[in-house]
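Colleague: Next come the chains, spelled out residue by residue.
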Amino acid sequence: MATVTENLPSASTERPIGFGRLKRKEDARFIRGQGRYLDDIRLPGMVHGAILHSPYAHAKIVSIDTSAALAHPKVAAVITAKDLETLGLAWMPTISYDTQAVLAGDKVRFQHQEVAFVIALDEYSARDAVTLIDVEYEPLPVVVNARKALDADAPLIRDDKVGQRDNLASPNWEAGDKAATDRVFAAADTVVTRDIIYPRCHPAPLETCGMIADFNPNTGQLNIYNGNQAPHAHRTVYAQVAGLAEHMIRIICSDIGGGFGGKVPVYPGYVCAIAGSIVAGCPVKWIEDRSENLICDSFARDYIMHSQMCSKGGRITGLRVDVIADHGAFDSTAQATKFPAGFFHIVCGSYTLEASHVNVKAVYTNKAPGGVAYRCSFRITEAVYLVERMVDALAIEMGVDPIDLRMRSFIRPEQFPYETTTGWTYDSGNYAETMRVAMDLAGYDELRKEQAEKRARGDNMLMGIGATFFTEGVGAGPRKHMDILGLAMNDGADLRVHPSGKAVVSISAQTQGQGHETTFAQIVAEELGIPPEDITVRHGDTDKSPYGLGTYGSRSTPVSGAAVAVVSRKVRDKARLIAATMLETRPEDLAWEKGRWYVKGDPEKGALIEDIASRAYSGAPMPAGLEGGLDAQVIYDPPNLTYPYGAYISVVDLDRETGHAVVRRLIAVDDCGVRINPMVVDGQIHGGLAEGLGIALMELISFDEQGNCLNGSMMDYLIPTALECPDWELGETVTPCPHHPIGAKGVGESPNVGSVPCIVNAVIDAMLPLGIKHMDMPCNPARNWAAMQGRAEPPQ
Amino acid sequence: MPNVTININGTPYSGDIEPRLLLLHFIRDVANLTGTHWGCDTSNCGACVIQLDGQPTKSCTMLAVMAEGHEVSTVEGLEVDGQLDPIQAGFHEMHALHCGFCTPGMLMTTRALLDENPDPTEAEIRMAISGAICRCTGYKNIVSAVRWAAEYEGAPTQGS
Chain A
0 MATVTENLPS ASTERPIGFG RLKRKEDARF IRGQGRYLDD IRLPGMVHGA ILHSPYAHAK
60 IVSIDTSAAL AHPKVAAVIT AKDLETLGLA WMPTISYDTQ AVLAGDKVRF QHQEVAFVIA
120 LDEYSARDAV TLIDVEYEPL PVVVNARKAL DADAPLIRDD KVGQRDNLAS PNWEAGDKAA
180 TDRVFAAADT VVTRDIIYPR CHPAPLETCG MIADFNPNTG QLNIYNGNQA PHAHRTVYAQ
240 VAGLAEHMIR IICSDIGGGF GGKVPVYPGY VCAIAGSIVA GCPVKWIEDR SENLICDSFA
300 RDYIMHSQMC SKGGRITGLR VDVIADHGAF DSTAQATKFP AGFFHIVCGS YTLEASHVNV
360 KAVYTNKAPG GVAYRCSFRI TEAVYLVERM VDALAIEMGV DPIDLRMRSF IRPEQFPYET
420 TTGWTYDSGN YAETMRVAMD LAGYDELRKE QAEKRARGDN MLMGIGATFF TEGVGAGPRK
480 HMDILGLAMN DGADLRVHPS GKAVVSISAQ TQGQGHETTF AQIVAEELGI PPEDITVRHG
540 DTDKSPYGLG TYGSRSTPVS GAAVAVVSRK VRDKARLIAA TMLETRPEDL AWEKGRWYVK
600 GDPEKGALIE DIASRAYSGA PMPAGLEGGL DAQVIYDPPN LTYPYGAYIS VVDLDRETGH
660 AVVRRLIAVD DCGVRINPMV VDGQIHGGLA EGLGIALMEL ISFDEQGNCL NGSMMDYLIP
720 TALECPDWEL GETVTPCPHH PIGAKGVGES PNVGSVPCIV NAVIDAMLPL GIKHMDMPCN
780 PARNWAAMQG RAEPPQ
Chain B
0 MPNVTINING TPYSGDIEPR LLLLHFIRDV ANLTGTHWGC DTSNCGACVI QLDGQPTKSC
60 TMLAVMAEGH EVSTVEGLEV DGQLDPIQAG FHEMHALHCG FCTPGMLMTT RALLDENPDP
120 TEAEIRMAIS GAICRCTGYK NIVSAVRWAA EYEGAPTQGS
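Sequence lines, in order, name chains A and B.
The numbering of the first sequence is numbering that gives the first Met the number 0, which starts it at 0 and goes up by one.
The numbering of the second sequence is numbering that gives the first Met the number 0, which starts it at 0 and goes up by one.
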């Protein structure tokens, strides 16, 4: 039984047993076109649904005539709000304790709102029949501007809510200390004021949202095929909404073509598909088209911010922010229950402020609902954008270099754990060091020299340099502080090592491309020494994975990854007891090296994990009181959020004559703690930078006065291609998270959080010689040109 | 309804189809080759790119009836006798895919590029894939994957 070290599987750079640049397991099917996305699933007897949408942003529904659609030879059923009322499904709860119409019955409240659901034998016929439905509308006045939504003469949008007399969507919400902030501002040397908008944008994953609902009337079993980021939470919600028993609902997420927050919510189309399957008695597939995706499913951001920042003695000392949050017609923003503005109050950033005060009020408008976190942890993107724009504005006012001001104001390493003026406890960091790495990579001083030369020459190509430093709070979260719809934000893991030493780990996180099948196997490999190729990661099926809240807010590694590390250690502890029996010694006399327990002082004598596994399932006696088998399960409750941070620098060339801004360079230095798979981490950062570049320069969901959405296709909602994106330059520092089992912090959203203000700061820096000190995103050619003519307009 | 036969990856597929049926839907629903994806409706995203007589073509922008008599190749035809095409291997080696949804279109686009230009520069690669959207990778590793495949197929190593 005694084995020697030579028998351990050999690791290499190409084949790490644990952390390292391991090529992804999931690629094998994707590069062959063998992924199984929602639209690739065909069930016997499946029919197709399509939705009729409202052309008006605000209108009474006088009548709906479905007779011509029902007469279509291939139509099986047409469902309206009246039909849903009989099923109790006309309205659904939102993630923010509001209600949302599944199909509009009384009136429509935003353009493209869902009005009727057609079920037909094929998709073409379903879409044909949608055009045969005749709806008579009586148009009502429209409000799309959040600043006007609370005017006395604004039309009341939510007349369905008892006692609702205005368009206020939630009570005022505050953080920080107003009186202390007033005192800091009164004592300040310099005060700067800005109105800053983070406009409405959209995650727009390449695969749109959809569902196949398969209700079996004989058994009462409802199978749901649906690419979503939180399958367990969805199942609980469906049980509540549809009055079905939770154990009779099974959600199967196969491959998901991107999510970015857009696949967190429950959409009316999902409820329609479920209702359709109940009514039609067969599986119903509904997949939104691109316009439905962009116009009526989850938008992101839409924060209108008024802010002041002040300094004293050359350092940032205070911050005030007043926010109007535009939630659209129904409040379905994604956030934890106790935080109606998400984690926006992390807005004090990476600096030692003396005081700060945040005030947020949310309003209803005649715009689509949503408020999802587009590659963002609960409004942190808005917060970081605000603070990092304000620091630049303050630096301009003070006449100092924006990086100098940051350096002088950073929280210092010895101040951690650091409690911010709005109540966050940052756990660790060395901000100045990370900033210096970014400056060195960028060649910051040389860049400023080049810029000065170009400005002196009066070049038509205006060079801008932008910098940001961000701190995020991700990995929600501790159950004592946060929940969603009453569900603790914890995650489960279930690990079974089989008799041959191969393992299956089941997790509640839900990959949408992040590579969990590879990286979560690496965590088990790191802890147990089992090669990653011998570990299957199971996810995406609520019948076969433990309960947990899913993947968003960069929470997979901080929460689910921690669960996997902890469950692996539980298995390792059990293996130690078994190994002691095998080696005829006491457990405390054993020491661990990756893959085996061995006798302290006699390293030749040991037991490999696969031999321990074999023993655990064999007929040989187990240690007293221990059950057979080698497995364990855990639910992980994080003690705190994790706080990844980073320093980004960008260089922008802005054509003074055309307004075209090109990102020449973008240097991103991230500190996400310990990196499980640096290749995957780099990939996440590349992708987030591209989305950030899109938001800064291109992506916008806007409306005209009548509430028509002006960006309802990819011809109008502009997403970066390879031509807009530079060759990203990455660097890293590693400050392990002190409370995470493997010291990791999460990284998926950092590049989006950091790059948006970085690029906008660079565009504004380019315009500085023209006297322009602010413009709102997106910095597209038309808006840049207008800004350079002194007509910087906020987006609408 | 007209009966149409289309050769896909060397195999003829026939169906009685509506004249308005898109080539994309013929490939997915008649030939049951679901590797070719739909993403946008407006010919912007490139998830549906196949090769028509060797030219990268958006299959959502063509009627199936127009493809009769032409050779259609899809992602399912890249691997031959268990041997990955170098462009497939390059995407794996360089981590040029995350969610995988754009990957088939990207593979067919870049395979066509390498067939025409076996030693493309970074700028040429970026131009070639500019009709396709990847929401996950930020494109950097896709560029590297194409260079990997080019060098595997004999192009000299570029730069340092």
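A few of these clues could be false.
Claimed, not checked - Taking CB as the label site, the calculated pair distances span: (1) B:Arg19 with A:Asp703: 27 to 35 Å; (2) A:Arg456 with B:Arg19: 32 to 40 Å; (3) B:Gly153 with A:Lys772: 49 to 57 Å; (4) A:Gly628 with B:Asn116: 56 to 64 Å; (5) B:Tyr151 with A:Pro416: 47 to 55 Å; (6) B:Tyr151 with A:Val503: 28 to 36 Å; (7) A:Lys59 with B:Asn116: 53 to 61 Å; (8) A:Glu728 with B:Asn6: 44 to 52 Å; (9) A:Glu728 with B:Gly68: 42 to 50 Å.
To be verified - Derived DMTMM-like pairs: lysine to aspartate or glutamate, alpha-carbon spacing no greater than 20 Å straight-line: (10) A:Lys147 with A:Asp176; (11) A:Lys24 with B:Asp28; (12) A:Lys59 with A:Glu122; (13) A:Lys73 with B:Glu92; (14) A:Lys311 with A:Asp403; (15) A:Lys24 with B:Glu17; (16) A:Lys73 with A:Asp105; (17) A:Lys147 with A:Asp652; (18) A:Lys73 with B:Asp28; (19) A:Lys22 with B:Asp84; (20) A:Lys73 with B:Asp84; (21) A:Lys337 with A:Asp176; (22) A:Lys453 with A:Glu656; (23) A:Lys360 with A:Asp533; (24) A:Lys593 with A:Asp630; (25) A:Lys24 with B:Asp15; (26) A:Lys24 with A:Glu516; (27) A:Lys24 with A:Glu656; (28) A:Lys311 with A:Glu396; (29) A:Lys453 with A:Asp400; (30) A:Lys81 with A:Asp150; (31) A:Lys24 with B:Glu92; (32) A:Lys22 with A:Asp533; (33) A:Lys22 with B:Glu92; (34) A:Lys160 with A:Glu84; (35) A:Lys59 with A:Asp159; (36) A:Lys772 with A:Asp652.
Stated by the list, open to error - Computed footprint of chain A on chain B; a stretch qualifies when at least three of its residues, placed anywhere within it, have a C-beta under 8 Å from a C-beta of chain A: (37) 29 to 37; (38) 64 to 77; (39) 102 to 113; (40) 125 to 132.
It should be emphasised that the hints constitute simulated quantities derived from the structure, not laboratory data.
Glycine is no exception: its CB is placed at the ideal position from the N, C-alpha and C atoms.
Colleague: Please list, smallest to largest, the hint numbers that this structure does not respect.
Modeller: When the structure is compared with the hints, numbers 2, 10, 11, 12, 13, 15, 16, 17, 20, 23, 25, 27, 30 turn out to be violated.
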